[in-house]
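Starting from the given sequences, assemble the full structure and let the hints guide the process.
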Amino acid sequence: MPDHSPVALSTIGKKILMGATGLALVGFVIVHLAGNLLLLSPNPDHFNRYAHTLESMGALLYVAEAGLVFLFLAHIYSGITVYWCNRRARPQSYKKSGRAGGVSRKSSSSTSMIWTGLILFAFLIWHLWEFKYGAGVEQGYAVQLGSEVVRDLHRLVVESFQKEYVTLLYVLVMILLGFHLRHGFWSAFQSLGLYHPRYTGLIYGSGVVLAVLLAVGFLFIPVWIYFLGGG
Amino acid sequence: MAELLTLRLRVWRQESETAPGKLVDYHVDGISVDMSFLELLDVLNEQLIHKGDDPVEFDSDCREGICGTCGLVINGVAHGPLPGITCCQLHMRHFKDGDTITIEPWRSAAFPIIRDLVVDRDAFDRIIAAGGYVATNTGAAPDANALPIAKNDADLAMDASSCIGCGACVASCPNGSAALFVGAKISQYTFLPQGQPERRRRALRMVAQMDREGFGNCSNHAECEAVCPKDISISNIARMRREYLKASLLRE
Chain A
719 MPDHSPVALS
729 TIGKKILMGA
739 TGLALVGFVI
749 VHLAGNLLLL
759 SPNPDHFNRY
769 AHTLESMGAL
779 LYVAEAGLVF
789 LFLAHIYSGI
799 TVYWCNRRAR
809 PQSYKKSGRA
819 GGVSRKSSSS
829 TSMIWTGLIL
839 FAFLIWHLWE
849 FKYGAGVEQG
859 YAVQLGSEVV
869 RDLHRLVVES
879 FQKEYVTLLY
889 VLVMILLGFH
899 LRHGFWSAFQ
909 SLGLYHPRYT
919 GLIYGSGVVL
929 AVLLAVGFLF
939 IPVWIYFLGG
949 G
Chain B
74 MAELLTLRLR
84 VWRQESETAP
94 GKLVDYHVDG
104 ISVDMSFLEL
114 LDVLNEQLIH
124 KGDDPVEFDS
134 DCREGICGTC
144 GLVINGVAHG
154 PLPGITCCQL
164 HMRHFKDGDT
174 ITIEPWRSAA
184 FPIIRDLVVD
194 RDAFDRIIAA
204 GGYVATNTGA
214 APDANALPIA
224 KNDADLAMDA
234 SSCIGCGACV
244 ASCPNGSAAL
254 FVGAKISQYT
264 FLPQGQPERR
274 RRALRMVAQM
284 DREGFGNCSN
294 HAECEAVCPK
304 DISISNIARM
314 RREYLKASLL
324 RE
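Protein chains in written order, with this note's numbering: chain A, 719 to 949; chain B, 74 to 325.
Simulated from the structure, these hints should not be mistaken for lab results. We put the beta carbon where it would ideally sit given N, CA and C, even for glycine. Honestly, I wouldn't trust all of these hints.
[What the hints assert, rightly or not] Residues from chain B that keep clear of chain A, each with C-beta distances beyond 10 Å, as calculated:
#: 1; residue: Gly141
#: 2; residue: Pro215
#: 3; residue: Met283
[To be verified] As a list, the in silico BS3-like pairs of lysine-lysine whose alpha-carbon atoms are at most 27 Å apart:
#: 4; chain 1: B; residue 1: Lys224; chain 2: B; residue 2: Lys319
#: 5; chain 1: A; residue 1: Lys813; chain 2: B; residue 2: Lys95
#: 6; chain 1: B; residue 1: Lys224; chain 2: B; residue 2: Lys124
#: 7; chain 1: B; residue 1: Lys303; chain 2: A; residue 2: Lys814
[As the list claims (entries may be wrong)] Simulated coverage check for chain A against chain B, where a stretch passes if three residues somewhere in it have a Cβ under 8 Å from a Cβ of chain B:
#: 8; region: 809 to 822
#: 9; region: 911 to 924
Written out as structure tokens, the structure reads:
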């Protein structure tokens, strides 16, 4: 009898994969927000130059995108397989549900990770469709930047967020992102085996603060543009 | 005279592993506040036997909170509303006259229901048999103090080894995960010199058996620590993950 199945297929291996990819994605989301804050600049050139620089990275861009695709798919794969395994482990639920309280960290955000995660994934596809693969220079979204004509992504963003339903959807999904991160951040550390009586409380608290900052940061941009027209 | 309680009990009744179960309502009165929760079930069973009905099957043994045999989910919480105790140590003074109390068995695919509130916890024994031991030649008792162990390590090993294997961690986990049990049983040896020779093999085999038994994944809800009658910390789950990862990477 072999000692054990492949690490990646074990319950612990899947959670290590989920935690590691999750933390890497948190890193991505932080950088993404930092870049997006350029949308708050009164000069649209700032954001357009940033977007153009990213798009002109050539091979490096493809490597980065492949890395992101891997992170997202690995994170989603582990999330879905963990969810199904857990469903099988508790086929019959309790007639009366209760919460132990005390040291328990079970919360609305910890029990809804699969749902907030799947909504975020659906949102991600739409978000890429709307902006990354949306209207470009050919559709007239062009702007003169120095000596070259580049895509006017700023205008596309501003126009999108003039629509109520787009702004509303972004706000709702970003609140869900906050919920996902509130449990996800500290949980990733725990899944990687990084528990320490002195630091775990701090990591949990940092996760809550990070979740609020990222959610508010991301939803502030569409709301700001909606009310001020990007001006 | 001591206060007496009248209660409505909703108890899970199930004939066998495969039969469908359901909650059945019972009315009990004259319950002393000094009774333990298991004594409440004893009173209910006396009533049922007098009426010629089948008594409610439930597990119990020491009735002093140290054996891990009893296990009931009381109003949705394993071992009832108080932290750090088994349900034999839960007393009726923590309930109010007129309360409705729902009593269910541990629910987990790995713990099939045998009858009513009794579940089969052999899965835990098979995990222990897979590596939760120290293979040692017994002989004359070794000299005391021949193997010095630092106080802090001894304390942590003792904390982990206080697990009584009741299964409340599995019952309370939304995912039916046995991570706290296995974490404690792996951790207790990591601090002690006797646990070192089989350290890697133990982590790999116990985790593999845990997965084979059909327990779920730990999602770090920490609900297990909150219901654990021995207050075992989820730091033991993190330690199990480190042990497992190290053993996986370093195995020959």
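Non-interface claim for B:Gly141: all C-beta distances to chain A beyond 10 Å?
Label holds. Min Cβ-Cβ 18 Å, cutoff 10 Å.
Given coverage of the region 809 to 822 of chain A by chain B, checked by CB-CB distance under 8 Å (3 or more)
holds (count 14)
Given pair status - B:Lys95, A:Lys813, alpha carbons within 27 Å
Status holds; Cα separation ~9 Å.
Was B:Met283 rightly flagged as not at the interface, with every chain A Cβ beyond 10 Å?
violated (7 Å)
Does B:Lys224 pair with B:Lys124 here, judged by a C-alpha cut-off of 27 Å?
violated (57 Å)
Non-interface claim for B:Pro215 versus chain A (Cβ beyond 10 Å):
holds (30 Å)
Can you confirm whether the C-alpha distance between B:Lys303 and A:Lys814 stays at or below 27 Å?
Holds, at roughly 24 Å.
Verify the coverage statement for the region 911 to 924 of chain A against chain B, using a C-beta to C-beta distance below 8 Å and requiring 3 or more qualifying residues.
Per the Cβ count (6), the hint holds.
Just to be careful, I want the Cα atoms of B:Lys224 and B:Lys319 compared with a cutoff of 27 Å; is the pair within it?
holds (25 Å)
Of the hints listed earlier, those the structure fails to meet are numbers 3 and 6, in rising order.
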